[in-house]
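First residue of the sequence shown: 154, per this note's numbering; consecutive thereafter.
Please note that a few of the clues may not be correct.
Said to hold, decoys possible - With beta-carbon atoms standing in for the labels, derived distance ranges:
| # | residue 1 | residue 2 | range |
| --- | --- | --- | --- |
| 1 | H258 | P204 | 15 to 25 Å |
| 2 | S229 | K253 | 15 to 25 Å |
| 3 | G160 | L227 | 28 to 38 Å |
| 4 | D206 | A231 | 23 to 33 Å |
| 5 | P204 | S256 | 29 to 39 Å |
| 6 | G160 | A285 | 34 to 44 Å |
| 7 | S229 | D203 | 22 to 32 Å |
| 8 | S229 | A251 | 41 to 51 Å |
| 9 | S190 | G160 | 29 to 39 Å |
| 10 | G210 | A250 | 25 to 35 Å |
| 11 | K269 | Q174 | 11 to 21 Å |
| 12 | T157 | G210 | 17 to 27 Å |
| 13 | P218 | S262 | 17 to 27 Å |
| 14 | P179 | A251 | 14 to 24 Å |
Unchecked claim - Simulated pairs of lysine to any residue, SDA-like, Cα-Cα distance not exceeding 20 Å:
| # | residue 1 | residue 2 |
| --- | --- | --- |
| 15 | K214 | S240 |
| 16 | K178 | S221 |
| 17 | K277 | F167 |
| 18 | K269 | V233 |
Hint data in this document are derived by calculation from the structure and do not stem from the laboratory. Yeah, the Cβ is synthetic: ideal placement off N, Cα and C, and Gly gets one too.
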Amino acid sequence: MSATFEGKPWTASFTLAQTMQMGGKPMLNLSGTEQGSPTMTFNSMLELKDPNDLAGGYPLKTGSPANSANFNILDSGAMVGHVRFSSGKIVIDKYDAAAKTISGHFSASGKNESGKPEEVTDGKFSGIPVTAQ
């Protein structure tokens with residue numbers, strides 16, 4: 154998983170794609186973390202249209218646990234930045250049911266805790282294994 158955040162390249166050291174039930178609805182938690190100083194994590198929670206076929210577009214919105222995404226920045230364990238995305242889209246271009254992997258792309262924009270606009274562009278992910286909670 155990789156993207157451009159604040160105009161700089163970001164590449165996840167590790168990723169997670171996990172399906173679960175939340176409020177009786179099938180959900181997918183898709184996240185990636187770049188370890189380092191600071192540690193930067195892109196995290197999303199998507200409400201699945203079909204729990205057996207994860208492919209499709211998921212528009213991001215705020216105020217709802219479904220189809221939400223954020224970016225957290227931690228330095229020495231303390232949160233030093235948080236961006237809540239209010240628009241954008243995560244697209245799962247391919248779900249390989251046999252291998253249980255997803256590939257796709259994403260972009261998002263929102264504001265940090267100070268109200269400054271932030272964006273993630275050119276997001277890509279490929280072959281991320283999907284596990285069930």
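message = Can you tell me whether the CB distance of G160 to L227 sits inside 28 to 38 Å?
response = Given a distance of about 20 Å, which is not inside 28 to 38 Å, the answer is violated.
message = If I claimed the Cβ atoms of K269 and Q174 lie 11 to 21 Å apart, would that claim hold in this structure?
response = Once the Cβ atoms are compared, 36 Å apart, the range 11 to 21 Å for Q174 and K269 is violated.
inquiry  = Verify the CB-CB distance for T157 and G210 against the hinted window 17 to 27 Å.
reply    = Holds, since T157 and G210 (Cβ atoms, about 20 Å apart) stay within the stated range.
request  = Would you check the hint for K178 and S221, treating anything up to 20 Å between C-alpha atoms as holding?
outcome  = Roughly 15 Å separates the two Cα atoms, so the pair holds.
ask   = Do the alpha carbons of K269 and V233 lie within 20 Å of each other, as the hint requires?
value = holds, 14 Å
message = Given the hinted pair K214 and S240, is their Cα-Cα distance within 20 Å?
response = holds, 6 Å
inquiry  = Within 14 to 24 Å: is that where the Cβ-Cβ distance between P179 and A251 falls?
reply    = holds, 20 Å
message = Within 15 to 25 Å: is that where the Cβ-Cβ distance between H258 and P204 falls?
response = holds, 22 Å
query = That 29 to 39 Å hint for S190 and G160 (C-beta), does it hold up?
reply = violated, 19 Å
request  = Indicate whether the distance between the beta carbons of S229 and K253 respects the range 15 to 25 Å.
outcome  = violated, 36 Å
task = For S229 and D203, compare the CB-CB distance with the range 22 to 32 Å and indicate the outcome.
result = violated, 42 Å
Consistency of beta-carbon spacing, A251 to S229, with hint 41 to 51 Å = holds, 42 Å
Hint compliance for this structure: hints 2, 3, 4, 5, 7, 9, 10, 11 are not met, and every other hint is.
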